[in-house]
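Student: For the protein sequence lines, the chains are A, B and C, in the order given. Counting from 89, one number per residue, gives the positions in the first sequence under our numbering. Counting from 2, one number per residue, gives the positions in the second sequence under our numbering. Counting from 10, one number per residue, gives the positions in the third sequence under our numbering.
These are computed hints drawn from the structure, not numbers from a lab. Be careful, since some hints might not be right.
Label-pair ranges, simulated between beta-carbon atoms [said to hold, decoys possible]:
| no. | chain 1 | residue 1 | chain 2 | residue 2 | range |
| --- | --- | --- | --- | --- | --- |
| 1 | A | Glu323 | C | Tyr133 | 57 to 65 Å |
| 2 | C | Asn66 | B | Ser285 | 33 to 41 Å |
| 3 | C | Ile258 | B | Asp87 | 46 to 54 Å |
| 4 | C | Leu59 | B | Arg218 | 45 to 53 Å |
| 5 | A | Asn275 | C | Glu222 | 49 to 57 Å |
| 6 | C | Asn66 | B | Pro173 | 20 to 28 Å |
| 7 | C | Asp67 | A | Asp252 | 17 to 25 Å |
| 8 | C | Gly83 | B | Trp59 | 40 to 48 Å |
| 9 | C | Val146 | A | Ala169 | 39 to 47 Å |
| 10 | B | Leu91 | C | Gly182 | 50 to 58 Å |
Which stretches of chain B does chain C cover? Using the computed rule of at least three CB atoms under 8 Å from a CB of chain C, they are [unchecked claim]:
| no. | stretch |
| --- | --- |
| 11 | 81-89 |
| 12 | 142-156 |
| 13 | 198-208 |
| 14 | 249-260 |
| 15 | 297-304 |
Computed list of lysine to aspartate or glutamate pairs in EDC-like fashion (alpha-carbon distance at most 16 Å, straight line) [what the hints assert, rightly or not]:
| no. | chain 1 | residue 1 | chain 2 | residue 2 |
| --- | --- | --- | --- | --- |
| 16 | C | Lys230 | A | Glu323 |
| 17 | C | Lys249 | A | Glu162 |
| 18 | A | Lys301 | A | Glu323 |
Where a beta carbon is used, it is the ideal one built from N, C-alpha and C, also for glycine.
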Amino acid sequence: MMTDPSPVSAPQAPSAPDLLAVSGLRVEIPTRHARLVAVDDVSFTIRAGEVLGVVGESGAGKTIMGAAIMGLLEPPGRIAAGSIHFDDRRIDTLPYEAMRRIRGRDISMVFQDPLTSLNPLYTVGRQLTETIRTHTDLSESAARDRAVGLLQEVGIPAADRRIDHYPHQFSGGMRQRVVIALALCVNPRLVIADEPTTALDVSIQAQIIAVLKRLCRDHGAAVMLITHDMGVIAETADRVAVMYAGRIAEIGPVRDVIKRPRHPYTVGLMGSIPAIGHDTDQLTQIDGSMPRLTEIPTGCAFHPRCPYIRDRCRRDRPELLPVGASQAACWRHVPGFDEGPAHA
Amino acid sequence: MHSPAAPPPSASRLNHVAAAVRRARDSDLMYAFLRSPITVAAFLATVTFVLAAAFAPWVTPHNPFDLASLNLLDAFLPPVWEPYGDPRFLLGTDDQGRDILSTIIYGARISLFVGFASVLFAMVVGVTLGLISGYVGGWIDAVIMRIADVQLSFPAILIALLIDGVARGVLPRDVHDDLALYVLVFAIGVSGWVQYARTVRGSTMVERNKEYVQAARIIGIPPMLIMLRHVLPNVTGPVLVIATIHLAIAIITEATLSFLGVGVPPTQPSLGTLIRIGNDFLFSGEWWITVFPGIALATLVLAVNLLGDWLRDALNPKLR
Amino acid sequence: MLAFIIQRLLQSILVMLTVGLIAFGLFRYVGDPISNLVGQETSLAERDALRERLGLNDPFFVQFARFAANAAQGEFGYSYRHRRPVEDVIAERLPATMELSLVAALLALAVGVPMGIYTGLHRYGVISRAFLTVSLVGISIPTFLIGILLILLFGVELRWLPTFGRGEVVHLGWWSTGFLTTSGLQALIMPSITLALFQMTLIMRLVRSEMLEVLRTDYIKFARARGLTNRTVHFGHALKNTLVPVITITGLQLGSIIAFAIITESVFQWPGMGLMFIQAINDVDIPVMAAYLCLIGFVFVVINLVVDMLYYLVDPRLRVDRAVAAGHPG
């Protein structure tokens, strides 16, 4: 397995140090019949205060990657290779208790479904204060004051009264605001938001994204925003990583990736979104669907769906290579690609 | 189009069978089965019990109910490995000189008969009521489910006891003794129908609203037929699981009732009756009269329980 | 809250009426109450007079109403066998069963719940697997057999514990207790273990499966992602969420302990209501059967009611104030 020793860097990025550095990460899920590879040789970095979008179809390994960074992979899933560094400290090998102290305080998470993310039997105030008090020395009343402040920040009206309400007394959108408040209540430096708006009504998705973005900026937190919505990425992220079948297909500054997608899969993703990609009159669609983990093709995993397929794509797996301002894993950008025959 | 080398029909059928066997072997169910040695052992134990019970007259070393062959001089003989053990009686004899091993096999025959019969009875009643309840709905559903609720809040053993008690009150003594076995089947069956009915009702209600059932209704296929053809196959798995676990419960219930003296008549002793008889000699040192039927009963129930547990897990991995 | 209680009360009354109807049906139509009360030599005329005096010729509902009214006051007529009022027989037997059931219930809870939590949290641990295997064996050995084996071991072989009866009892008013004497406490050991064992395994398996279910939920994952300690996640968040189903089923299980006492009491000749019921079935002593049925029904109804109330306390979703529940648009 080839790992990229030097973390991916974008030329015009600010000179902030790397907050999170994932290198050659491989997550395996052993099953009865085979050992599935959910995340395969993934490397990327997130700088302090940066918003990295991670986009891809469901099953591309986005969520499992998030869980791996949090140290919350569900058994039998496990990290088989690679490393994760947070603030120059290796965290993927930390014992459970040490990693627990990092969770919530340094890295926190926003889950997909606000309806199920909160414990139904406790008030939101209790869930906030217990998180605050787990990671700080604040007294019960100080923690409560902070909780009220956070609820106000995320835009919950009458926060001093609502704090004593149970989750079921909030609407879905309000609950996701509570979840965001919970994720940010100890000022973490990285927030992993896993499809934070997918379960919500379309009309309030933009509001929640705005709240998330504003709060993370105010609290100085970097964001890893996992989504399958290219539109959200375009509006929110600084850089974007496109995932396909457990690997990064393309990564780069969001403007470059959208304006000039280098990987055929990214091109397809852009083409399927109105008003973001090219000025075409019709939406394009990628034929076929992403392979299941049990049947990932040899060579480039995208080759069965790729319009530019060559022999080499079936045979050899492409690594990420710099193309313009971004990096793409596609043989098309390797010199001599077009000389090969299309069919054997 | 026909292929040049079309196999003869019989061969193609054979291929079908072979394919089915291969599918079965490769299926998750079979995989899970063979991966669990305990389950295989439980299966073998259950099969052994069933076969021995079914062919009791041929496999028992003695006929414990042939009065002519009994000799009171053989009474209270301990198992062969104890002092005074008699090689003719492997597990010893009881107070009337009956071979314990033989009475156990005959007892298992009664226990298994009552077990299977009452499970079948409960299954038929429960599935039928569940189908009707789920498909027809309305007040019929309400009544059936209310009865189920009330019954479910009482332990099965109590209901079986009560039915048996009523039967004693209603039937004359000699008639009751003749019918005791069937009264028992009825009592245990009635006490167990609710689980089937609830499960089947749930699936039926889901299935009823599916489009193909609606379509079948619109073109006038009788509801009965729809239920039998489309709804029933969908509940086979859960019903099978319930039935297996219920079999263990039914065998225990029968044994318990017989132990309490309200089950099968002493002339047809089940495992429970044998334990009851042996219980009288516990204090005089003849432990084997009780212990061996007890071990047999526990082994049988454990084997069936293991099968049921495994089946439930294999059919519904989420529950594991 | 009030509406909730009233609704549950009405339901309970309905259940009691159903049970009462069955009991009355037994009482009135199984066997002939008259021939069970009088001797062979009583003339037909005398029988008819008695029939009339006891109101057995009244319309069905009048008789049922009378039965229900009497039953509500604890009067169930005369036992055919004991020739005494049924309520006296029951009052005499009640303490024995109640004390046995109470000890067994506490034992089952005290052992079953922690074992369930442990096996739920340490799913793949060696001890958990051992517990589960043992519990399956426990479920597979019928209660009466466990009792017999205990008697054989501790009563006959080792001679440590008494094998039948309650030992010495102390009378406190009409209540007789075995808690206050050594022999009473010794006599309690084997029967209560026998009675508790089956419920214990059920409770353990129930708590375990609920625990596994809850540990899979998003809010537990989120609680971990917030960096809460394992202790808080397991006992603060997971355990509390398993309480609702556990309370329900455990409540019902505790009710069935009283019914299962029938078996234990028979094995240990424990002079309680269960033994009385078995004798009544053998003697076709219908009034005793009917009374026992009503009493057990009553116990179950009360337990159900208590369970519902506990539910209400544990789960805030049931305490919904509708005005607030509507919430605000996000």
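Student: Compare the structure with each hint and give your call.
Tutor: Hint-by-hint comparison with the structure:
1. A:Glu323 x C:Tyr133: 57 to 65 Å: Hint violated: Cβ distance 45 Å, outside 57 to 65 Å.
2. C:Asn66 x B:Ser285: 33 to 41 Å: violated (55 Å)
3. C:Ile258 x B:Asp87: 46 to 54 Å: holds (50 Å)
4. C:Leu59 x B:Arg218: 45 to 53 Å: Violated: the Cβ-Cβ distance is about 59 Å, outside 45 to 53 Å.
5. A:Asn275 x C:Glu222: 49 to 57 Å: The hint (49 to 57 Å, Cβ to Cβ) is violated, given that Asn275 of chain A and Glu222 of chain C are roughly 34 Å apart.
6. C:Asn66 x B:Pro173: 20 to 28 Å: Given about 26 Å between the Cβ atoms, the range holds.
7. C:Asp67 x A:Asp252: 17 to 25 Å: violated (60 Å)
8. C:Gly83 x B:Trp59: 40 to 48 Å: Given about 58 Å between the Cβ atoms, the range is violated.
9. C:Val146 x A:Ala169: 39 to 47 Å: holds (44 Å)
10. B:Leu91 x C:Gly182: 50 to 58 Å: holds (57 Å)
11. 81-89: Check failed, 0 qualifying residues.
12. 142-156: holds (count 4)
13. 198-208: violated (count 0)
14. 249-260: holds (count 5)
15. 297-304: It holds, with 4 qualifying residues against the three required.
16. C:Lys230 x A:Glu323: violated (29 Å)
17. C:Lys249 x A:Glu162: Answer violated: Lys249 of chain C to Glu162 of chain A is near 22 Å, above 16 Å.
18. A:Lys301 x A:Glu323: Cα-Cα ~10 Å, so holds.
Of the numbered hints listed earlier, those contradicted by the structure are 1, 2, 4, 5, 7, 8, 11, 13, 16 and 17.
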